[in-house]
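Here are the chains, one letter per residue:
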Amino acid sequence: MARIELKSLTHRYASSRKETSSFAIENLDISWEDGTANALLGPSGCGKTTLLNIISGLIRPTGGSVLFDGVEVNERPTRDRHIAQVFQFPVVYDTMTVFDNLAFPLRNQGIEGKTVNARVREIMEILELDTLANTKTRHLNPAEKQIVSLGRGIVRKDTVAVLLDEPLTVIDPVLKLDLRRKLKLVQQELRLTMIYVTHDQHEALTFADHVTIIRDGAIVQSATPEELFLYPRTPFVGYFIGSPGMNTIRCEKVSDRLKIVDSELELPDEIAHKASHLNGTIELGIRPEFVETSPDEKPNWNRFTVRMVDHAGAYQVLTLESGSLRIKARVEDHSSSREGDSLWINTPHDRTNVYEDGELVTL
Amino acid sequence: MRQRPWLFLLPTLVLMSISAFIPLIAVINYSLHTIFAGSTPDFVGLQNYADVMGDAQFRGALLRQLTFSLLALLVEIPLGVGIALCLPRKGGAVGLSLVLLGIPLLIPYNVVGIVWRLFTQSDIGVIPRILSVIGYDYNVSLNSTDAFLTILLVDVWHWTPLVVLLAYAGLQAIPQTFYQAAEVDGASAWKTFRYVTLPKLRSVLTLGLLIRFMDSFKVYSEPLLLTGGGPGNATTFMSLFVARKAEAYELGYAGASSIIYLYVVIVMSYLLFQFINRSQERGRP
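So the protein lines, in turn, are chains A and B. All residue numbers for the first sequence refer to my numbering, where the first residue is 74 and numbers rise by one. All residue numbers for the second sequence refer to my numbering, where the first residue is 319 and numbers rise by one.
Just so you know, the hints here were simulated from the structure itself, not pulled from any lab data. Beta carbons: idealized from backbone N, C-alpha and C, even for Gly. Misleading hints may appear alongside valid ones.
[Unchecked claim] Cβ-to-Cβ under 7 angstroms is the rule here; a few derived chain B residues that face chain A:
| no. | residue |
| --- | --- |
| 1 | D369 |
| 2 | D373 |
| 3 | A487 |
| 4 | G488 |
| 5 | Q494 |
| 6 | V502 |
| 7 | A505 |
| 8 | Y513 |
| 9 | Y538 |
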């Protein structure tokens with residue numbers, strides 16, 4: 074396994090119209106440490122798959138460099154990069170058995186039969202595929218096929234990294250959990266450098282130690298799942314991570330005091346004070362989980378009306394309104410709020426992030 | 319109300335009766351009689367079938383037919399796949415190459431026969447001219463091998479494009495990720511073809527194989543127009559044989575040989591289909 078680095082990476086797809094060649098990735102710097110589980114998270118079409126294909130050498134970047142353990146590999150062909158890639162739709166060799174699928178990359182390297190046999194058995198045991206060794210892969214379910222294609226990647230001892238491109242897309246919900254658990258287990262057991270691409274925040278946050286969020290081909294934030302949740306660097310990250318996403322409240326300064334735009338509501342003093350020295354466009358971000366609610370009036374809390382109640386199993390999402398301001402709160406399922414009720418709301422200042430011109434302000 | 323499904327099926331059943339069942343029953347009826355012009359047909363049971371089976375000419379035509387179809391498949395399928403692999407996958411050249419390849423398919427049988435007759439005519443034909451350069455004395459009307467191979471060549475020229483189109487459609491349907499995976503796995507070009515392309519083409523090739531088998535088994539107008547079934551019986555294939563008998567007004571005999579002919583086509587197609595399915599089940603890498 075190896076440390077993977079991308080330096081000032083740029084990729085532009087040739088467009089049929091001359092003037093508008095579109096950037097898929099622009100001036101990207103990122104590094105993934107050896108033996109870590111990483112995720113690349115971003116909305117569809119943000120350049121994630123392009124990035125993976127650049128690492129594996131299936132696409133040559135138009136600028137910048139790809140480094141494995143500090144060595145530039147831009148010119149190295151795919152087969153010599155020793156990258157394992159698991160694609161969105163399971164790719165297996167249908168006519169072969171599970172065993173032969175796993176043995177295929179080794180046989181291609183001309184490794185002798187005995188060694189191939191031993192290594193394949195070892196990997197099958199780790200992936201719990203032993204009982205399927207002699208089954209033709211076309212008889213497997215999609216989850217099993219994905220495991221086989223993962224196995225084909227990690228069977229080579231010289232594998233540098235495992236790239237997973239939305240590998241759970243076509244998997245049944247029930248099997249998804251199992252497959253994700255297995256991926257994580259294999260990653261930890263073999264100390265693999267894994268890069269997991271997805272647009273599903275849940276998959277990314279539960280799988281990876283380190284998550285990189287990209288938008289329009291550029292990195293927005295790269296951090297641990299906890300950091301992303303608590304301190305999203307931009308309102309976009311705050312909204313993209315979490316279910317439902319972070320509430321963003323636009324503010325303005327009126328005679329040196331911070332006020333919510335178009336609202337009579339009072340901001341807690343701590344927050345108003347925190348932001349008093351800022352001059353740009355100011356937004357407050359608070360996660361629905363941290364919005365405190367009370368059916369009874371409390372001093373310094375603001376009154377909202379419940380507009381919508383969405384049941385999500387273990388919790389409810391309340392859409393609350395006060396004038397033109399709308400926020401969401403996530404509350405326990407036994408909360409008895411109904412549409413039209415009044416609720417008293419508090420936004421704890423230590424849970425509220427302040428953004429100036431779209432960037433998190435560390436106070 | 320229970321009859322309603324049948325009501326919907328009725329038009330199809332009527333059409334099929336007219337186009338297939340009724341002629342088939344008529345032919346079976348012929349095959350059980352000896353018919354002379356002007357007299358009432360004599361019922362002879364299976365005598366015609368026994369005669370046909372004992373006829374060396376019939377057996378010769380059948381053997382020739384099987385050889386022809388087998389050779390046609392052996393040439394057309396690999397050649398078709400090969401050409402499809404060489405075709406461009408995107409860009410303006412795709413349409414052009416497909417149209418050019420499709421031209422032979424658009425030409426009516428009798429035109430094909432006449433054009434190739436001109437090509438092969440020993441005095442003015444382009445093929446004898448070319449072959450004479452390398453010292454080969456080509457003559458379809460005298461040399462049986464020349465005649466047989468020429469009909470085969472015409473069939474290959476005429477029908478390989480169909481295999482190309484099928485294979486090309488099949489190739490286009492293979493997701494790119496399979497090739498990317500093979501590249502990541504370090505597979506050679508041959509192994510990629512063997513384990514990715516070929517298995518993914520299997521269903522279209524099965525279709526192509528069956529269509530081409532049944533069609534080549536019915537080859538008629540090419541030998542009729544080009545060689546007239548000769549020299550001798552060198553290019554008298556099954557349909558030509560049956561037609562000759564019918565033209566000679568041996569309707570009972572022609573009927574019996576038609577039914578045997580049909581039977582052979584069905585059985586062979588079934589066996590071929592089974593063989594392909596079976597080999598798919600085995601197919602150990």
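Against the structure, the hints:
no. : hint : result
1   : D369 : violated (48 angstroms)
2   : D373 : violated (45 angstroms)
3   : A487 : violated (19 angstroms)
4   : G488 : violated (14 angstroms)
5   : Q494 : violated (9 angstroms)
6   : V502 : holds (5 angstroms)
7   : A505 : holds (5 angstroms)
8   : Y513 : holds (5 angstroms)
9   : Y538 : violated (38 angstroms)
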